[in-house]
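Protein chains in written order, with my numbering: chain Z, -18 to 105; chain R, -18 to 105; chain E, -18 to 105; chain V, -18 to 105.
Mixed in with the good hints, there may be bad ones.
If several chains are the same, the list does not tell them apart, and a pair holds so long as it fits within one copy or across any two.
Below 27 Å or equal to it, Euclidean Cα-Cα: the simulated BS3-like pairs (lysine-lysine) are [claimed, not checked]:
{"#": "1", "residue 1": "Lys26", "residue 2": "Lys76"}
{"#": "2", "residue 1": "Lys87", "residue 2": "Lys74"}
{"#": "3", "residue 1": "Lys57", "residue 2": "Lys76"}
{"#": "4", "residue 1": "Lys87", "residue 2": "Lys(-9)"}
{"#": "5", "residue 1": "Lys87", "residue 2": "Lys57"}
{"#": "6", "residue 1": "Lys(-9)", "residue 2": "Lys26"}
{"#": "7", "residue 1": "Lys74", "residue 2": "Lys51"}
{"#": "8", "residue 1": "Lys74", "residue 2": "Lys101"}
{"#": "9", "residue 1": "Lys51", "residue 2": "Lys101"}
{"#": "10", "residue 1": "Lys74", "residue 2": "Lys57"}
{"#": "11", "residue 1": "Lys101", "residue 2": "Lys87"}
{"#": "12", "residue 1": "Lys67", "residue 2": "Lys(-5)"}
{"#": "13", "residue 1": "Lys51", "residue 2": "Lys87"}
{"#": "14", "residue 1": "Lys74", "residue 2": "Lys105"}
{"#": "15", "residue 1": "Lys105", "residue 2": "Lys87"}
{"#": "16", "residue 1": "Lys57", "residue 2": "Lys26"}
Everything labelled a hint here was simulated from the structure, so no lab data went into it.
Number of protein chains: 4
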Amino acid sequence: MRVEERELFKSYFKNLTPRERAVFEGGITLGALFHQFVGTPVSLKNREILERAIEESMRNQPCVQDISVKIVGDLKEDEYISLEGKMLDVKLKVKVENTVASLRLKYIEELNYPLMYVEKIEEK
Amino acid sequence: MRVEERELFKSYFKNLTPRERAVFEGGITLGALFHQFVGTPVSLKNREILERAIEESMRNQPCVQDISVKIVGDLKEDEYISLEGKMLDVKLKVKVENTVASLRLKYIEELNYPLMYVEKIEEK
Amino acid sequence: MRVEERELFKSYFKNLTPRERAVFEGGITLGALFHQFVGTPVSLKNREILERAIEESMRNQPCVQDISVKIVGDLKEDEYISLEGKMLDVKLKVKVENTVASLRLKYIEELNYPLMYVEKIEEK
Amino acid sequence: MRVEERELFKSYFKNLTPRERAVFEGGITLGALFHQFVGTPVSLKNREILERAIEESMRNQPCVQDISVKIVGDLKEDEYISLEGKMLDVKLKVKVENTVASLRLKYIEELNYPLMYVEKIEEK
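If we strip away everything but chain Z, and leave its shape as in the complex, we get:
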């Protein structure tokens, strides 16, 4: 991005505090990840490279500082399934200025729901 573009880009977010911007960008990235990759064929053979590829694609998103993706659940030898939301365990850190939001996507059994939430927001 050129300087003028960067300034224009920033101007769209001047109405948000760093905390608000961090959770906004974190929300986008979790929503994007879930809806981009749910449905992907996954087996014991490609689970690991898929985890890494999801991480690396999401590192492109604005303000992502770090991300770890685990595909959980029992995959059987010689079978593949379509990736489901409940199989995703994602830890995401989003940094805006000195604020770092730690977010999570994780299946919560009591809710029967793959929940996206904010674990903590810190000033570094």
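Fit chains R, E and V to the supplied structure of chain Z, relying on the hints for placement.
Structure of chains R, E and V alone, referenced to chain Z:
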């Protein structure tokens, strides 16, 4: 959702202000919408029903108060294309307690980028 | 499409019989449908419009003559889930010259697998 | 898969010749690949791992013998975009009994269309 589930659900968000929760949920919904529907075959024939179906599917997401989806750009008679992010113009309202965040997904030509941003946050 | 384009387009398929072309295009459409829409938020409120929108988007694909999409499975009042492959029951007719292939996407319980297959191929 | 499942699975395809089955499965895999991954954030940093992850996920699909995925097009330093269909150059081999179908997904400029077609079908 049963009462206990609703309480458990809420407990995951008690570390966020209503403004933060509103932009977090708004971010999730915009990220989800983009990555779920980009790629869908679209032509003059199905543009309108696709707009309505995207709106109705996203109304399911937590805290969505209102949403309007427009698929913009020139579609030619007798042709179809894959929906691109730059064709999406989305207005989204997310309500948390008395706070309403108005969000937008819109292609910004100067940035050559389909931008997701927060237009305003109001107390109602 | 202009005449020259149509000719060029057709030239890519001259090595296939009408039967082969019909099942090839049918396979594309079923694979596309599954992987485009799995993950979409669905509830009792938007099930029907989503079914219609999937049908209409897939009618754009080459050679599709008719399609019917049913989203099956128990959806509970006040809840939404992400559309899963096993919830899709799709009947698709693909026509190439005088050949009509009838295809199906349907969850087969004994296989625990949403199967795509060809029900019959007819000369009309 | 257990033996009975394998037999049941096969029974669904006994109305197709090996050539027909090969192009049917090939069509499914190309349609699936396109609609699963279009929209994924891609840059110079994650292009290669995304290519490999797409290949490995599609190797899970029935009858896939070999696949190579190239993401083509100019990606600029410090920028990312959403993967578009026209950026995909895919070579796929599908094997059914002794029949091998070689398929392709490739953007055809004269058609302004990412075309899926069958390059050849061979008896091995």
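Okay, the hints, checked on the actual structure:
1. Taking identical chains as interchangeable, the C-alpha atoms of lysine 26 and lysine 76 lie at most 27 Å apart only when they sit on different chains, with a minimum of 20 Å there against 33 Å within one chain.
2. In this homomeric assembly, lysine 87 and lysine 74 come within 27 Å of each other (Cα to Cα) both inside a single copy, at 15 Å, and across copies, at 25 Å.
3. In this assembly of identical chains, lysine 57 and lysine 76 lie within 27 Å of each other by CA distance solely across copies; the values are 23 Å between and 38 Å within a copy.
4. For a Cα distance limit of 27 Å, the shortest separation of lysine 87 from lysine -9 across copies, 15 Å, qualifies, whereas the shortest one inside one copy, 31 Å, does not.
5. In this assembly of identical chains, the alpha carbons of lysine 87 and lysine 57 lie at most 27 Å apart whether taken from the same copy (22 Å) or from different copies (22 Å).
6. Taking the shortest Cα distances, lysine -9 and lysine 26 sit within 27 Å of each other only across copies (23 Å), while inside one copy they are farther apart (42 Å).
7. Taking the shortest alpha-carbon separations for lysine 74 and lysine 51, only the intra-copy value of 15 Å comes in at or below 27 Å, while the best inter-copy value is 30 Å.
8. In this assembly of identical chains, lysine 74 and lysine 101 lie within 27 Å of each other by CA distance both inside one copy and across copies; the values are 10 Å within and 25 Å between.
9. In this homomeric assembly, lysine 51 and lysine 101 come within 27 Å of each other (Cα to Cα) only inside a single copy, at 20 Å, whereas the closest approach across copies is 35 Å.
10. Proximity of lysine 74 to lysine 57 under the C-alpha cut-off of 27 Å is restricted to the inter-copy arrangement: shortest distance 25 Å between copies versus 32 Å within a copy.
11. For the identical chains of this complex, lysine 101 and lysine 87 are intra-copy neighbours only, at 15 Å inside a copy versus 30 Å across copies, given an alpha-carbon limit of 27 Å.
12. For the homomeric pair lysine 67 and lysine -5, the shortest alpha-carbon distance between copies (23 Å) is at most 27 Å, but the shortest distance inside one copy (35 Å) is not.
13. Proximity of lysine 51 to lysine 87 under the C-alpha cut-off of 27 Å is restricted to the intra-copy arrangement: shortest distance 10 Å within a copy versus 29 Å between copies.
14. In this assembly of identical chains, lysine 74 and lysine 105 lie within 27 Å of each other by CA distance solely inside one copy; the values are 12 Å within and 32 Å between copies.
15. In this assembly of identical chains, lysine 105 and lysine 87 lie within 27 Å of each other by CA distance solely inside one copy; the values are 25 Å within and 32 Å between copies.
16. When the C-alpha separation of lysine 57 and lysine 26 is checked against a cutoff of 27 Å, the pair qualifies only within one copy, where the shortest distance is 10 Å, while the shortest distance between copies is 32 Å.
Every hint, counting from the list given before, is met by this structure.
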